[in-house]
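Number of protein chains: 2
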Amino acid sequence: MKVVITGGAGFLGQRLARALLQRGSLTGPSGEATPIERIVLFDVVHAEGFSDPRVETRAGDIADASVIDAIIGNDTDSVFHLAAVVSGEAEADFDKGMRVNLDGTRHLLEICRKRARPVRFVFASSTAVFGGEMPSTVPPDFELNPQTSYGTQKAISEMLVNDYSRRGFIDGRSLRLPTISVRPGKPNRAASSFASGIVREPLAGIEAECPVAPTVRMWLCSPGTVIDNFFHAHELPAASLGTNRSLNLPGISVSVAQMVADLEAVAGKEVASRVRWNRDPKIAKLVDGWPAALDARRALSLGFRVDAQFADLIRAYMEGR
Amino acid sequence: MKVVITGGAGFLGQRLARALLQRGSLTGPSGEATPIERIVLFDVVHAEGFSDPRVETRAGDIADASVIDAIIGNDTDSVFHLAAVVSGEAEADFDKGMRVNLDGTRHLLEICRKRARPVRFVFASSTAVFGGEMPSTVPPDFELNPQTSYGTQKAISEMLVNDYSRRGFIDGRSLRLPTISVRPGKPNRAASSFASGIVREPLAGIEAECPVAPTVRMWLCSPGTVIDNFFHAHELPAASLGTNRSLNLPGISVSVAQMVADLEAVAGKEVASRVRWNRDPKIAKLVDGWPAALDARRALSLGFRVDAQFADLIRAYMEGR
Numbered sequence: 001m002k003v004v005i006t007g008g009a010g011f012l013g014q015r016l017a018r019a020l021l022q023r024g025s026l027t028g029p030s031g032e033a034t035p036i037e038r039i040v041l042f043d044v045v046h047a048e049g050f051s052d053p054r055v056e057t058r059a060g061d062i063a064d065a066s067v068i069d070a071i072i073g074n075d076t077d078s079v080f081h082l083a084a085v086v087s088g089e090a091e092a093d094f095d096k097g098m099r100v101n102l103d104g105t106r107h108l109l110e111i112c113r114k115r116a117r118p119v120r121f122v123f124a125s126s127t128a129v130f131g132g133e134m135p136s137t138v139p140p141d142f143e144l145n146p147q148t149s150y151g152t153q154k155a156i157s158e159m160l161v162n163d164y165s166r167r168g169f170i171d172g173r174s175l176r177l178p179t180i181s182v183r184p185g186k187p188n189r190a191a192s193s194f195a196s197g198i199v200r201e202p203l204a205g206i207e208a209e210c211p212v213a214p215t216v217r218m219w220l221c222s223p224g225t226v227i228d229n230f231f232h233a234h235e236l237p238a239a240s241l242g243t244n245r246s247l248n249l250p251g252i253s254v255s256v257a258q259m260v261a262d263l264e265a266v267a268g269k270e271v272a273s274r275v276r277w278n279r280d281p282k283i284a285k286l287v288d289g290w291p292a293a294l295d296a297r298r299a300l301s302l303g304f305r306v307d308a309q310f311a312d313l314i315r316a317y318m319e320g321r
Numbered sequence: 001m002k003v004v005i006t007g008g009a010g011f012l013g014q015r016l017a018r019a020l021l022q023r024g025s026l027t028g029p030s031g032e033a034t035p036i037e038r039i040v041l042f043d044v045v046h047a048e049g050f051s052d053p054r055v056e057t058r059a060g061d062i063a064d065a066s067v068i069d070a071i072i073g074n075d076t077d078s079v080f081h082l083a084a085v086v087s088g089e090a091e092a093d094f095d096k097g098m099r100v101n102l103d104g105t106r107h108l109l110e111i112c113r114k115r116a117r118p119v120r121f122v123f124a125s126s127t128a129v130f131g132g133e134m135p136s137t138v139p140p141d142f143e144l145n146p147q148t149s150y151g152t153q154k155a156i157s158e159m160l161v162n163d164y165s166r167r168g169f170i171d172g173r174s175l176r177l178p179t180i181s182v183r184p185g186k187p188n189r190a191a192s193s194f195a196s197g198i199v200r201e202p203l204a205g206i207e208a209e210c211p212v213a214p215t216v217r218m219w220l221c222s223p224g225t226v227i228d229n230f231f232h233a234h235e236l237p238a239a240s241l242g243t244n245r246s247l248n249l250p251g252i253s254v255s256v257a258q259m260v261a262d263l264e265a266v267a268g269k270e271v272a273s274r275v276r277w278n279r280d281p282k283i284a285k286l287v288d289g290w291p292a293a294l295d296a297r298r299a300l301s302l303g304f305r306v307d308a309q310f311a312d313l314i315r316a317y318m319e320g321r
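From first to last, the protein sequence lines stand for chains B and U.
If you number the first sequence the way my numbering does, the last residue is 321 and the count never jumps.
If you number the second sequence the way my numbering does, the last residue is 321 and the count never jumps.
Heads up, some of the hints might be wrong.
As the list claims (entries may be wrong) - List of simulated lysine to any residue pairs, SDA-like, C-alpha gap at most 20 Å:
hint	chain 1	residue 1	chain 2	residue 2
1	B	K96	U	R166
2	U	K282	B	R166
3	B	K96	U	K282
4	U	K285	B	G242
5	B	K282	U	R166
6	U	K96	B	R106
7	B	K96	B	A59
8	B	K2	B	L236
9	U	K96	B	R113
10	B	K96	U	A65
Claimed, not checked - Calculated from the model, a selection of chain B residues having no Cβ within reach of chain U, i.e. all distances over 10 Å:
hint	residue
11	P35
12	G60
13	A208
14	L236
15	A265
16	V271
17	S273
Since the hints were derived computationally from the structure, they do not count as laboratory data.
Positions of the beta carbon are idealized from the N, C-alpha and C atoms, including for glycine.
Please take these sequences and the hints and turn them into a complete structure.
What follows is the structure, given as C-alpha cells:
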C-alpha cells in the first residue's frame, strides 16, 4: 500500500515515517494488515536522511491542486495530513494560513474523493479549535470557538473531514493534538514553541525565554505517545467513531511553573535557572486562549495512549526517545 | 448608507428589504441611525415587485468573486447574507452546495474585508449546524456536529464570520435560524419545506404530504419574528456579543402532530384532513438530525424576540402578516 504524509519533512512527519517503516504494515483497503510499499513524504522542502527504498520525498505547495493531484495519484491508500502553517505564523499572515491550512486541506480532500476506495485520512487537528470562555476541563461535546486563525482553520478542516467521511468520500479521523513537548530542534513560529524550548535550550546550556506566566497550564503530550496515537487512529474501525470523527487526544495538564520545577528535579538547579520569565503579550494572548485540560475519556476508551507525568517527557527527550 | 441583501429575491430577502424600506434607517458606520439610501437585492435572479427608488436588483453567481466585487463595491456599509443552496439540494449536489454556501460566503467576506470600515455583516446560519447525539434541548455551548453538507457549510461560514470579526475585517453576527413557518409560495428543496407546506397547502384546499413522523419535533419561528430578529442583530453593539458571534435564535419547539392539531383548531377539521402522512426516508433522515429545541437564553437576554405558540404562526400566515 501507498501512504502519503503531508508535512513529511517536519519533526512529527519524519518521526511518523520512521515508525511506519519499522512497523512495516497498516490496515489496508481490504481491512487486513497490508505491507507498506511506499511512503511519500510531502512538504515545502524535501525531507532528508531517509535511505529506505520505500521512501520517496516530494517538495511543493499544498495549496496548488495540481501538485496534490500528482502526489496522491490513483494509488494512495492512506494519508496522514500534518502539514500546516503554525499558529503564530497563521495569526501574523492570515492569507498564508488560509491558503495552506484551509485550501490545502480542501484540495487534499477533493483529490482523495476521486479515489475509488475511500482513503484512510488521519488529520492532525489541534486543541486550538477551542477558545473563549471554557470550563477548567473542556467537556467532550463542547463548542468549537477558536480564538486564533490557526484554530479556525483547523476547526473548519475538521468539519470538512467529518462531512467527507459521512458522505463516504474518505474515511477520516481528526486528532486534536495536545502541545507536543519536548520537540528537538529549533524554536518555530508556533505560539507553543516555548513549551519545548524551556526544557530543550536549558539542557543544551542555553538560556530560554518563557513568554507566558508560570501559572499558565498547558495540555501536553510526548512525541512518542502522539506518534503511537497517529497509528492507533489509523487502525481504528470507522464504526467505533460514531457521528463525529474528531477526537480530543489525551494529554497531561501541567503548569509552566511545574514544568520548570520538574526540569530542576530531573536535570538540576543550574539547568532550570536558565529559564527567563519574559512575558510576550502576543504569544501569551494566543496561549491563554487555549484549553488547559480536556476531557479525553472518549479517546481513552478507544484505546489511545497517554503519558504519565511531565518528568517522563523530559527524560524521554534526554534519552532521544 | 448602502445595504446589500444576498438571497434578495427569496422570500426572506424580499421581506427583509420591505421592512428595511419601511424602517428607513439602520445603525451606520458612525454608530448613529443613518438613512438607508440604497438597498441592493442580489440573487441568482432579479427580485421583482419593488418600485422604491432606493432598491436596485442584481442577478449573478455568488461563487464568482468578480460579481461580488462589483456588488459590494467601495460603498457598502451593511450586508445581510441570506443566499444559500437549501439543505435538500446541498445534500443532493455536494459541489453546488460547497460552491454557493462556502465559496460564496468566503468571497463575500474577502471583499468586505477590503472596505476601510468594517462592514456590519449579518449571516443567516441554521440550527443544522447541530447534529449527532444531542440532549433534548441543545445547551448554549454545545459542539457543532452537523450531519448534513448544508449544516457543515453553515458551520464553516460561522467560523469564518467569527474569525473575520475577531480580526476586525468585518463586524459579523451569525444567527442560527429556526425553521421558518409558515412560508408563503411554493414548496422548495429544503428538507424543512413541509413545515410550511402542511399548513399552507391544506389552507389552499390542496393535499400536503408530511414526510416525517407525527412525533418529530420542529424548532420554529414565524417570518415576522425572524425579520425583526435580523434587524435586532444588526443593531446590537459588537461588544455585547463576546467571543462568539453565533447565536441560537429563539424558537418554539412543536411536534408535527401538534402543528396539525393546531391547524385543525384554527382552520377546521376539513382543512387539517388534507395532511397525508407519507414518510420520505431521505427527508426524515435529514430532519431527524436537527435539534428539536435549543437553549436560546443568550439571544433572549440580548433582546431577540420569540413567538408565543404555533397557532399564532398559522393565523399570521392567514392574515398575510
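Now for the hints, and whether the structure bears them out:
no. : hint            : result
1   : K96/B - R166/U  : holds, 17 Å
2   : K282/U - R166/B : holds, 15 Å
3   : K96/B - K282/U  : violated, 40 Å
4   : K285/U - G242/B : holds, 16 Å
5   : K282/B - R166/U : holds, 15 Å
6   : K96/U - R106/B  : holds, 15 Å
7   : K96/B - A59/B   : holds, 17 Å
8   : K2/B - L236/B   : holds, 18 Å
9   : K96/U - R113/B  : holds, 16 Å
10  : K96/B - A65/U   : holds, 19 Å
11  : P35             : holds, 34 Å
12  : G60             : holds, 23 Å
13  : A208            : holds, 30 Å
14  : L236            : holds, 18 Å
15  : A265            : holds, 37 Å
16  : V271            : holds, 39 Å
17  : S273            : holds, 38 Å
Of the numbered hints stated above, the single one contradicted by the structure is hint 3.
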